[in-house]
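Quick mapping for you: the protein sequence lines, in order, are chains S and X.
The first sequence begins at 15 in the numbering used here and counts up by one.
The second sequence begins at 160 in the numbering used here and counts up by one.
Just so you know, the hints here were simulated from the structure itself, not pulled from any lab data.
Remember, it's a predicted structure, so these values are computed and weren't measured experimentally.
Glycine included, each C-beta is placed from N, C-alpha and C at the ideal position.
Any given hint might turn out to be false.
Said to hold, decoys possible - Partial selection, computed: residues in chain X whose CB lies under 10 Å from chain S:
(1) Ser209
(2) Phe388
(3) Ala505
(4) Glu510
(5) Ser523
(6) Met528
(7) Gln592
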Amino acid sequence: MKKMAYVAVVDDDESVRESLPDLLREFGYEARGFSSAEEFLEADKVRQAECLVLDIAMPGMSGFDLQRELNRRERKVPTVFITAHGDEAIRLRVRRHGAVDCLLKPFSDTALFEAMKAALKQG
Amino acid sequence: MLPTDDWLIMQTEQLHAENKRLQRCVRDLVGIMALPAIWVGSGPSRIAESLLDSILAMLDLDFAYLHLNDASGNRLLDVTRSSQWAGTVASPQELEATLARCRLGRTKEWPHRLTVDGNDIAILPVRLGLLGEIGLLVAGSRRTDFPRQTEALLLNVAANQATIGLQAAWQLSEQKRVARELDRRVEARTRELAEANEELLQRKLDFQLVVDAIPAIVWSSLADGRADFVNQHFRRYVGLSTEEARDWGWVGAVHPGDVSEFMENWRAILASGRSGEFQARLRRFDGEYRWFLLRAEPLADADGNLKWFGACFDMHDWKKAQDELRDAQAELAHVARATTMGQLTASIAHEINQPLSGIVTNASTCLRMLSAGQPNVTGAQETARRMIRDARRATEVVSRLRSLFTKQNTSVEAVNLNSAIQEIIALTSTELQRACVHLRLELSDDLPPVDGDRTQLQQVIMNLILNAVEAMSGVTDHARDLTIATERDGDGYVRVVIRDAGVGFDPTASEKLFRPFHTTKSHGMGIGLSVSRSIVEHHHGRLWAEANDGPGATFFVAIPSGADGEAMARQSQK
């Protein structure tokens, strides 16, 4: 049986942090939620995620800060950004910075599924 | 005894001689009587000389002396005429000096004879005028028979004639003097009047120049409102001549749409007799109508006749600016609301999108769990519970929004600023987190409520918080600390203090921050603080800013505590 990809969800919002890993698991991925970038970085030392679903606006390190930190550590992880603040302009800007996609909350399961597939294909 | 021939001859000669003397006397008298006619138009000096020359020629005299006074009784002149003899024994000056000494005494006291240079001379003084007030005529002769009766008669007649002549001369002289004085006075008065007229004319010209130079329309009218004067500015503006504008001609320049109201206002002012003003459009020479403010002042002359004086001030640009300002203020209020709403909407969207995102994701998961070959009912129940929880969270956000925006009209109530602030923080917390702002709340425990519009005050606080976040957006070298504090000051005010660590502002320009359209941001219109201050001032409060000692700025909102706020605060402390 093919080993399913391990996806990390980093979001300070509890609703998203709880619901998104469940849905990803329904898609067949292995998924875990983190409430902050700092918490994720700590766990990433133990087990490295193959894909990131990353909230942009978070207390402390933002989603962009985390991406920069991973790049600094030469940890290249396919990333799907999610945000409740955004509009189409943000989405295009995020894509230009190398992310697979940027989903605007609330997003459909189909949109998430397509983004995950694209991300893992890139990875 | 019969007279002898010799006696007869002698008598005849005597009679003949007497006859000759009498004839001569008559001739002299006629000559003397004719003198006044010769003297007509002559002066005293000429009369005196003529008199002395005449009597010296008529009578066998050695000298004749005449002293004349002027009209005031003062010495006017002394004239002496003498025969060849007298001229050899005494100069006219010596004779005058001698006779002048005698003249000082009364006529009766005059000597009948004088001794001049050893010669005995008989003299006859005759007064000119009843009391000698006009002068004195003195005739002198070495003859022993002087004065004969005819000589005395002739000298008295001559003196009388001289008196008449001199009086006529003086009268004439006085008449001439009076005429000259009159002429002088008339001339002086004429000159004064001419100068006064010239000055009056110059003043009139100056006044006309001033009135014409005034950059305003100036006019005057009669008591019934008919114009009797319009200045040059008016004539040039409306393109009418003085004659065309006179009476009611000037009303032709009033806009047809304003004429009726114009006449109504003007008649009302005329009837009141008091100053007044009204507005109307006046046609310019090129046909353009402009708004004017017409002011009229009544003025009564000494006889109580009323006249009206007025001016028309061009208020077209001002009126237009007022209209534009009113439109701009309405637009500004609209933009201000829209701007605040726009900032708020972004924050609210996030607040609602988070639970919505959870609901959508949980719903998708739930469906998948239930539609699997072996439905995961337990998992589906869990996701359904999460959906309910997230939906409630979204509902709470909507409720807060409703409470914030359902009150469209200004309403005064007792507002607890602590809870108002906490509601705003709940709405902006995501924005604060996103901007990495560290919030510190220092809310007073014994804060009295304030009377005011809760929604408006919350808009002010939200605006100040969003400004603070914006000011700190570029800060990377120190913490983005935001402190929101409430406190009571000693003057019955409740204060909200919002201190940031942002870019701050120039301390000398703190008031500029509150001017409309003043902004330091790359975006935004710079009206948030202006509108906020309006709201605070509407609550009889103050909004001001101070630069911090360190980085950033502090904004203060001070609102008077409510009428029963103090009592309520004391009650809550018990």
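Structure-based check of all given hints:
1. With a least beta-carbon distance of about 134 Å to chain S, the hint placing Ser209 of chain X at the interface is violated under the 10 Å criterion.
2. Interface hint at Phe388 of chain X: violated, since its Cβ lies 71 Å from the closest Cβ of chain S, which is beyond the 10 Å cut-off.
3. For Ala505 of chain X, the suggested interface contact is upheld, since its CB lies about 7 Å from the closest CB of chain S, less than 10 Å.
4. Taking 10 Å as the C-beta contact cut-off toward chain S, the hint placing Glu510 of chain X at the interface holds, the least distance being around 8 Å.
5. A hinted interface residue such as Ser523 of chain X counts as satisfied when its beta carbon comes closer than 10 Å to some beta carbon of chain S; here the least separation is about 4 Å, so the hint holds.
6. Taking 10 Å as the C-beta cut-off, the interface hint given for Met528 of chain X holds, the closest approach to chain S being about 7 Å.
7. The restraint placing Gln592 of chain X at the interface with chain S holds, with a minimum CB-CB distance near 5 Å, inside the 10 Å limit.
Checked against the numbered hints given earlier, this structure breaks hints 1, 2; the rest are met.
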